[in-house]
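Protein chains: 2
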Amino acid sequence: MSTAPTPDVPFSGLTRLDHVGIACRDLDASVDLYRRTYGFEVEHEEVNEEQGVREAMLRVNGTDDGGATYLQLLEPLREDSPVAKFLDRNGEGVHHIAFGTADVAGSAQEVGRTGVRVLDSAPRRGTAGSSIVFLHPKDCGGVLTELVQSGH
Amino acid sequence: MSTAPTPDVPFSGLTRLDHVGIACRDLDASVDLYRRTYGFEVEHEEVNEEQGVREAMLRVNGTDDGGATYLQLLEPLREDSPVAKFLDRNGEGVHHIAFGTADVAGSAQEVGRTGVRVLDSAPRRGTAGSSIVFLHPKDCGGVLTELVQSGH
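Those protein sequences? They're chains A and B, same order as listed. FYI, in numbering that gives the first Met the number 0 the residues of the first sequence are 0 to 151. FYI, in numbering that gives the first Met the number 0 the residues of the second sequence are 0 to 151.
Treat the hints with caution; some may be incorrect.
[Stated by the list, open to error] Taking lysine to aspartate or glutamate and the EDC-like style, the derived pairs with C-alpha atoms no more than 16 Å apart in a straight line are:
#1 B:84 x B:25
#2 B:137 x A:91
#3 A:84 x A:44
#4 A:137 x B:102
#5 B:137 x A:25
Just so you know, the hints here were simulated from the structure itself, not pulled from any lab data.
Given the sequences, and given the hints that come with them, work out the whole structure.
Here it is in structure tokens:
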């Protein structure tokens, strides 16, 4: 496998900003705010019991890798979920950003080689059947960062 | 002017996630981190004296409105700049998000009509000759939100 960068594909294989994850206390109210204020519509909604969230994906635009960029609104299901703890500490706001890749395991390996801690030893299930890993925010300039491979 | 939503253009005229603004203490170190970790390259760098920042735009992907999505790395020039205050309170991390529009004045007016406070009475100069306004984060789900019209 070549790991040389090319003009089109970054070294890490990350080809788009997939989404910005935003923590909120009331998903329905937040969906309403984003629709009413900006006109963004919900493309997908689900409960992720493992992560302890109810979430909605609002599509903002298509991307030149054939994917799209979304706002991901996240409401905690439980007091002990990571998003609930984030809300306690910070209030509502940006929780993480996610870069899209065609190969999340490969991208995680490449990023890990640079010294960034990958928080998941193997990809786990994200939104809509996607595969995801998280990177340690302390190694990413204070930004909780997710890598995501679309499920379709 | 028609304000009816269409399938392609949201009511507000916002057609892309233009950038995620990230506050950092040392721009050169952050640029190096993002290049080394992900392969993102600097497309533009400038000093904005009015906003009290030195900044770099790293291109992530192209968008289907003919624009692109960037990471905007922001280093404060002065102790009293808004980004310096953000760093004091929060440390390094996501500072704001920005949506792109072909008409920032029109979009600001539409968004303002929904009750969201627009912090700039008229668009001011953003990165690379762009025109920008900021929206009050308390009206935007805790997210400091910028609207931006490209300068080219």
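Hint check:
| no. | hint | result |
| --- | --- | --- |
| 1 | B:84 x B:25 | 15 Å, holds |
| 2 | B:137 x A:91 | 9 Å, holds |
| 3 | A:84 x A:44 | 22 Å, violated |
| 4 | A:137 x B:102 | 37 Å, violated |
| 5 | B:137 x A:25 | 15 Å, holds |
Violated hints, in rising order: 3, 4; the structure is consistent with all others.
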